[in-house]
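*Asks:* Chain by chain, the residues:
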Amino acid sequence: MTSSDMMLHPGLLLIAGGILLAFVRGSARSALAVLVPAIALFFVWQVGDGIFGRVGFLDYQLEFVRGDRLARVFATIFTLMALVGGVFALKQESRIEVPAAFVYAGSAVGAVFAGDLVTLFLFWELMAVGSTLVIWAGGASARAASMRYLMVHLFGGVILMAGITGHVASGGGLAFEAMKADSLSHWLILIGFLINAGAPPFSAWLPDAYPEASWSGTVFLSAFTTKTAVYVLLRGFPGTEILIPIGLYMVFYGIVYAILENDMRRILAYSIINQVGFMVTGIGIGTEMALNGAAAHAFAHIIYKALLLMSAGAVLYRTGKRKCTDLGGLFQSMPLTTICGTIGALAISAFPLTSGFTTKSMISQSAANEHMMFVWLLLAAASAGVFLHAGIKFPWFVFFQKDSGMRPKDPPASMGWAMIVFSAFCIGLGCYPDPLYAILPYPVDYHPYTGAHVVSQLQLLLFSGLAFFLLLNYLKRTLTITLDLDWFYRVLGPGVALGLAEGVASGLAAFGRGAVDVFGSIRTVIFRHYGPSGVLARTWLSGQMVLWVAILLLMYLVLFYVPD
Amino acid sequence: MHWLVRPENIRKLWIGFIAILVLTVLAEFFVESHPHFGIDALPAFNAWFGFIGCVILVFGSKLLGMWLKRPDDYYDKQ
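Chains as they are written, first to last, in this note's numbering: chain A, 645 to 1208; chain B, 8 to 85.
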């Protein structure tokens, strides 16, 4: 690393700051929690274009940092998220969670800046460790979920590593550049990426694990893993057509499961998969506008999803309840939380004047430009569905609907300010998206505020709202969960394994009994011949011995002369 | 009782909401639109498409739910 390269790697800074944070308390901890990500954010913008920090590794050159527009957009939003999330979590009493969250955020920044596949993989795995700790810090009830989460991500890591090894062995080189899904190793890399994106059949890890974290932990978790996956897909597989059906599946999966869900944070977790589905679809479309749209949407999404989860976290912090069936009527005593949560809900629904409107629409517009009618129609239906499951359902069941009788206060100031800042971002990027457009990977020639776009979006959303209120009786929450493909590894797999274990155990026991019988009878035979009184072991008389030796010698003499 | 949850005000909110719905449909005639496919050139396309889309999603989900829903302590009992 030459001196003019970079003063500090923003990702490593966050990781080191996170570790340091674990050892300080009180106001020093609060100051660090704000300063570290703020400084990291500054250094993200000190990374110029090009490759920095080449390191020799075996016969290869690692490119520890590669700066370009795409990397900077994601690194910017990751550090901003760590900053505002750090403010939100100032009241967090767990001494593990925020340090782990900073390590997690820092490794996401490291992955985004990684110029080669080995560096990417190292940060990728460190992210899995950091995020598992964030979930684990959620308390005793989160432990099992954090282990299931870790298993899925280690499995994804193994697949990714296998793909990288194959790619390098076949002469692909270490550099992380755009690939095509044309060989087994590239497919493995793609699958490894998609597992972290929450793509089928591995979607269930997200709603299983994230909502088990603490009131602030889920806010961090919502941002980094899936959006790092979006980044690597953007960089590695732009225009890969299989991503279009995968993305559309995720979009509708998220809506359907969120409609059926009762836990407020699980509703929002399903909606992460729904939103990432939009981005994955955009990456599959693969035009410059679609890729810009995916990056811009990821940027806006991190902010409004964190805002939604902050408002849910504030409710959880004050009431200790997380099921819609226990909540309701909170707008009367939590006005700030209600307003901020509603702004997040409007932004995720892409209402005009919010950040969703200026970013997500680039993806559907690029589908229209490419004359993909079915993709466009499905995205439009999905936009209506987003308003249904997240835009109205979340604020309605948490803050309005029937009065639960609870009158909790708004959360402490640090949490309130974090929500206000992100609300301002949602509206700011909705009214004035140009600063975001200016940092996107490709030049932007897109104007969201045309009369037709505003009117059609308002029609789509408001009539979805009408459908929601007319169908309210069919949307009533019940004390249920909805089975997902994780049933196979949570119930069927262990069941089969237990059954097998029992089968093998009883088989072994039977085998053992059989063996005892067989060996017993062998033993009897051996004992008969070699036992103390057996014919081959008993003491023989000398006379007998002499006789036998004489017979043997005689036979030898006979054999010696016979051939002649 | 909070003013927002009084029955007479809920009635007013509904009237206001329906008025806005009508306005968004009427507004279509005052903006220049560039339909891409033909189907999106139909009158009030986004209004009925969004509405029908949501109805299908809600009932589709209910249908899937009949098959896949379990009590929320299902996994605790496993």
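A couple of the hints might just be wrong.
Within a straight-line C-alpha distance of at most 25 Å, the following computed BS3-like cross-link-like pairs (lysine-lysine) qualify [claimed, not checked]:
hint	chain 1	residue 1	chain 2	residue 2
1	A	K1120	A	K1046
2	A	K1046	B	K76
3	A	K824	A	K735
4	A	K967	B	K19
5	A	K735	A	K1053
6	A	K824	A	K965
7	A	K965	B	K76
8	A	K967	A	K1053
9	A	K824	B	K76
10	A	K967	A	K824
11	A	K735	A	K967
12	A	K1046	A	K967
13	A	K824	B	K19
14	B	K69	A	K1053
15	B	K84	A	K1046
16	A	K967	B	K69
17	A	K965	A	K1053
18	A	K965	A	K735
19	B	K69	A	K1120
20	B	K19	A	K965
21	A	K735	B	K76
Read the hints as simulated data drawn from the structure, not as lab findings.
*Asks:* Looking at the structure, which of the earlier hints fail to hold?
*Replies:* Per hint list: 3, 4, 6, 9, 10, 13, 14, 15, 20 and 21 violated.
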